[in-house]
Each structure stands twice: as structure tokens, then as C-alpha cells.
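Novice: Construct all of the structure, not just a fragment, from the sequences and the given hints.
Below are the chains, spelled out letter by letter.
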Amino acid sequence: MTTWPIRLARQLGALAATVILGGVLTAALVRNSPGFDGDERLMDVRLDAQSRAAILAERAADHDVLRFYLRYVKAMFHGDWGISSSLNAPVRELIRSRFPVTAEIMAIGLAGGWILAFAFALIAVHYRWWSRMGSALSVALLSIPSAALAVLVFTTRGPVRAMVALILFPRLFDYLRNLLADAYQRPHIVTAQAKGIGPVWILLRHALPVCAPQLLALAGISASMAFGAAIPVETLCDLPGIGQLAWKAALARDLPVLVSLTMLITLLTQACNAVSDWAASGMKGARP
Amino acid sequence: MKKRHIAAAVVLLILAVVSFAAGLLPRYSYSAQYREFTDAAPSLRFPLGTDDLGRDRFARLLYATRVSLLLAAAASFAALVLAAVLGGIAGYWGGWWDRCLKRGIDLMLSLPWLFLLLAARALLPLNASPMTSLIVTYALLALLGWASPARVIRAGVRGFRDSEFVLQARAEGLSEIRILLRQVLPNLRPILLAQFWTSIPVFVLTEANLGFLGLSAGEPFPTWGSLLRELQSPLLAGPAAFAPVAAIALSVCCFRLLSPRGGLQA
Numbered sequence: 001m002t003t004w005p006i007r008l009a010r011q012l013g014a015l016a017a018t019v020i021l022g023g024v025l026t027a028a029l030v031r032n033s034p035g036f037d038g039d040e041r042l043m044d045v046r047l048d049a050q051s052r053a054a055i056l057a058e059r060a061a062d063h064d065v066l067r068f069y070l071r072y073v074k075a076m077f078h079g080d081w082g083i084s085s086s087l088n089a090p091v092r093e094l095i096r097s098r099f100p101v102t103a104e105i106m107a108i109g110l111a112g113g114w115i116l117a118f119a120f121a122l123i124a125v126h127y128r129w130w131s132r133m134g135s136a137l138s139v140a141l142l143s144i145p146s147a148a149l150a151v152l153v154f155t156t157r158g159p160v161r162a163m164v165a166l167i168l169f170p171r172l173f174d175y176l177r178n179l180l181a182d183a184y185q186r187p188h189i190v191t192a193q194a195k196g197i198g199p200v201w202i203l204l205r206h207a208l209p210v211c212a213p214q215l216l217a218l219a220g221i222s223a224s225m226a227f228g229a230a231i232p233v234e235t236l237c238d239l240p241g242i243g244q245l246a247w248k249a250a251l252a253r254d255l256p257v258l259v260s261l262t263m264l265i266t267l268l269t270q271a272c273n274a275v276s277d278w279a280a281s282g283m284k285g286a287r288p
Numbered sequence: 289m290k291k292r293h294i295a296a297a298v299v300l301l302i303l304a305v306v307s308f309a310a311g312l313l314p315r316y317s318y319s320a321q322y323r324e325f326t327d328a329a330p331s332l333r334f335p336l337g338t339d340d341l342g343r344d345r346f347a348r349l350l351y352a353t354r355v356s357l358l359l360a361a362a363a364s365f366a367a368l369v370l371a372a373v374l375g376g377i378a379g380y381w382g383g384w385w386d387r388c389l390k391r392g393i394d395l396m397l398s399l400p401w402l403f404l405l406l407a408a409r410a411l412l413p414l415n416a417s418p419m420t421s422l423i424v425t426y427a428l429l430a431l432l433g434w435a436s437p438a439r440v441i442r443a444g445v446r447g448f449r450d451s452e453f454v455l456q457a458r459a460e461g462l463s464e465i466r467i468l469l470r471q472v473l474p475n476l477r478p479i480l481l482a483q484f485w486t487s488i489p490v491f492v493l494t495e496a497n498l499g500f501l502g503l504s505a506g507e508p509f510p511t512w513g514s515l516l517r518e519l520q521s522p523l524l525a526g527p528a529a530f531a532p533v534a535a536i537a538l539s540v541c542c543f544r545l546l547s548p549r550g551g552l553q554a
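Here the protein sequences come in this chain order: A and B. Heads up: the first sequence begins at 1 in the numbering used here, then just goes up one per residue. Heads up: the second sequence begins at 289 in the numbering used here, then just goes up one per residue.
Rather than coming from a laboratory, the hints here were simulated on the basis of the structure. Predicted model only: the values in this text are computed from it and were never measured. Note that the Cβ used here is the ideal one computed from N, Cα and C, for glycine as well. One or more hints might be untrue.
To be verified - Selected chain A positions facing chain B (Cβ under 7 Å, derived; list incomplete):
no.	residue
1	22
2	136
3	144
4	145
5	146
6	147
7	148
8	216
9	232
10	250
11	264
12	266
13	270
What the hints assert, rightly or not - Far from chain B by the CB rule (all over 12 Å, computed), these chain A residues:
no.	residue
14	99
15	115
16	235
17	273
Specialist: If you want it as C-alpha cells, here you go:
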């Protein structure tokens, strides 16, 4: 049996390896894309041959992916995340200034999505017609592209910052309903219900502890889902967050921003998953 | 087969037949521009009106339906083949193959999918032809969408690895490759089919989101995603501009009804 320091070290090692590999993969993908050397500035007819050569030389430093990546990681350890080629500003500053906007959208979305999905799922466990209604709503929302859903909310003057909640709700609802339905069929919960114990007590004391490990795992996954949903919302609503920065960097072929963002998002996703895994395994261990 | 499955299959069949039949009618051209009818309201001649260039929205929607349905299915098939090869090898041989694949799957699932697609798609040459951009978009979807099916296939193969019929095949001297291809993979058909049907709506929706951001097929080629670009100025677009959203929702809904209930999807 492995002790917790060894498990922790393994988790951290796996996390670091995944983040580094994620960065290498993005750098390789971006570098090997056929249009990497393309630059909109080259379309300017006023440029002479010397200016064109200078623009092309700017990209030359990034041609060797591994060299670029090693140089980049080395600088990153010293707190230098590079300079954005499109926005001409330090990447670290760009991310720092935009992170609160995305964090706010994600927090509202996660809280709203979970409250909505959990409430729907809880009622669905007890009432079949509600379960069907929830399923229909879930399928309908899952069938509409996130971007189109954002447009619909925007045109109906709905709360655009809560859009992520609407995108998350159907993805969480099905899973939560199945988890709770499974928990409520357990013999000890059926017995508790037969003994007349109150529903709130049963939920808090008996049902939630049964499905807590899976709920925590789902919480980890929902954080990365929330970020994916934030990109179209920020783009459409012109909210200056990380998602909008990602879109602008992608359009401008901005390699330092793209690699930094990929590593950051991979790190956040992996950290969320690791924390929820740890909490879940701790809960499993705590149960008799 | 339940009634809802039949209904979903019929709706999808109708969508497919109508969109494919559109190509046979010369009146429906996706690129013809009627300059005297720009931004026209829905009428008998143009059931969904025209866009700002005077192109028939209905004709474009029909072509987009054909392209999106066909290529999403093709991308799903390609992702499935990739997943079957990788998941099959890892699940059957185990050991290092398995550990490497597990790490690879973890990596692919923790990367921001849409963001990577944005990055890779945006880096296409500025003068790429519409067909190239279309094929690259769906190829990227297939290339990044193998991880989830691979995990399921790997688990399926592991389940069969030590089953009696495999042991018997081994005892008869069949090679491992032959056992994997002829004995194990055919038994995974239900899993493969389920993964195929589950991936199609995911790809349709991802392409739609990319198209909305202006990173799907180049003009004038229509896909469901590229038609959504009109909605980037939602206050200027009329209700008819939302027709692609209805088509996407209807088809994705049908695909979800057809596919077996799975866990979380991207």
C-alpha cells in the first residue's frame, strides 16, 4: 500500500508531465500549421522587400519548436511568460488583467449550473414527469451550439454573464439525476424513508455522502467545461476575458499567448481533477 | 426499437434526402447572388429570405445540411478508426502501450479542445481554398476527438482479452493480430457503433461553434457553422437567420435520441 506522500508526489509528477506535454503539443501544432509564416502585415502593399524580410525574420526564432519551447519554459520559471506578438504586451500582464473577468463568468456559471441541475435532479428523482421534463430540456439545450445559445440569450436581453450556467446545466443534470436516483435506491435510504426521517436529513446525512466521490469528480470536470463555454460567450459579448484573448491570439497567430494559455488551462484542469480525485479518494477511505 | 428511435431516424432520413436532392435542382445554388434582393425577407421565391450578398438562405441551408451531416459522419468514422487502433493495441497488449495510451488520453482530455481547434484552424494560410479549410476543420475534429472513444474501446478490449474464446483462439495458434482483428474487434461492434453515433453530434456542435467564430469553411462554401456567422450581429439578423440553429438543434437532438445514453460529452 502506498503512503500519501508517494501518492502526492506521483500526482504532482503526472500533473507536471501533462502540462509540459500539453505545451509541447500546442507549440508543435501551431508551428507545423501550414500558415504559421503567414502574417497579415505582409499584405500591406506599401512594404518594401526589406520590411517584408524583417517581418519574416520575427518568426524565424520560433521555427525550431523544441528550441522555442525550451527557451520559453526556462524564461517562464523566471516569471517571464513572453511578449504577445499581436498585442505587444507581456503575456503575464494580459492574463493577469483578463483572468478576473473569466473567473467571474466561470464562478457565476458554475454556481448557477450546479444549483439549477441539482435542484432539477433532486425533484426528478421523486417525480417521474419532472424527470421527463428535465430530460427534454436537457436534450434541447444540449442540441443548441453554445454560441447560438449565447446569441439567443443576448437578443432576448437575458443575463449574458449567466450563460455558462445554461450551457453547463444539461451536461450536469443527467449525471446528477442518475447519481441521486442510484443513491435513493440504497437499502439504508429506503429504510430511513420508511422510518419517516425528514427528506432534508435523508439528503444531507445519507444520500449526499453516498454520491460525494462522484460529485467531486464531476465538479472537477465541470470547471473545464465552464472554461470551454466561456470562449463563445466572451467573444460574442465582447467581454475582455481569457476566452476572448484566446480567440484573438488564435486569429493573430500569437504563439507565446497560445502556448501560455494552453499550459495554464491544462494546469487548471489537471489541478481541479487532482483535487477532486484526492477529496473523493479521501471520502472513500473514510467510509466503513 | 422504441418509437422515439424510429421518429429520430425518420427525421434524419428526411433531412438527408432533402439536402441531397437539393443538388439535383438547378434553382438552388448556394453561391448565386441576387443583387437586387439583398437582405430580402422570406417570400415564396426565397423561403428563408436572402443574406447581405443576396444569396438564397434556404439553398445555402440545404447545402450546409448536406456538407455538415456528411463530414461530421466522416470525421466521426476517422476518429473511431484512430481510437480503435490505439485503444485496441493498448487494451490487448497492456503494459507500456497501455500506460502510454492512458497518459495520452488524460492529456488529450485535459487540453482545452475548442481552444486548440481555434488555434490550429486559425493558422491555416490566409489564401486557403474553401474546400481545404473545410477538410482541415473536420480532419482536426477527427484528430482531436479520438481520446474519449479510445478510452471506452480500451476498456472493452481489456474485458475480452482473457475471455474463453480468445484463450481458445490462442491455443489454436492464431497470431495475436489476427485474434485482435478477427475475434475481439467484431465483438466490440456495439461499443464502436455507440461511439460513432455519439461522436457525430459532438462534431456537429463543435463545427458550429467554430463557424460562429469565423473559423470553419471559407466563403462561399456553406456549412451549418459558417451560416451561424450571420448571428455575430444578432440585432441586424432577422428571425430567418436562426434557421440553421433550428436545423442543428433538430439533427443533434435526433442523433442523441439514436445514440445510447452515455456519460458526459464534450
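Novice: Which of the listed hints are not met by the structure?
Specialist: 2, 8, 11, 16, 17
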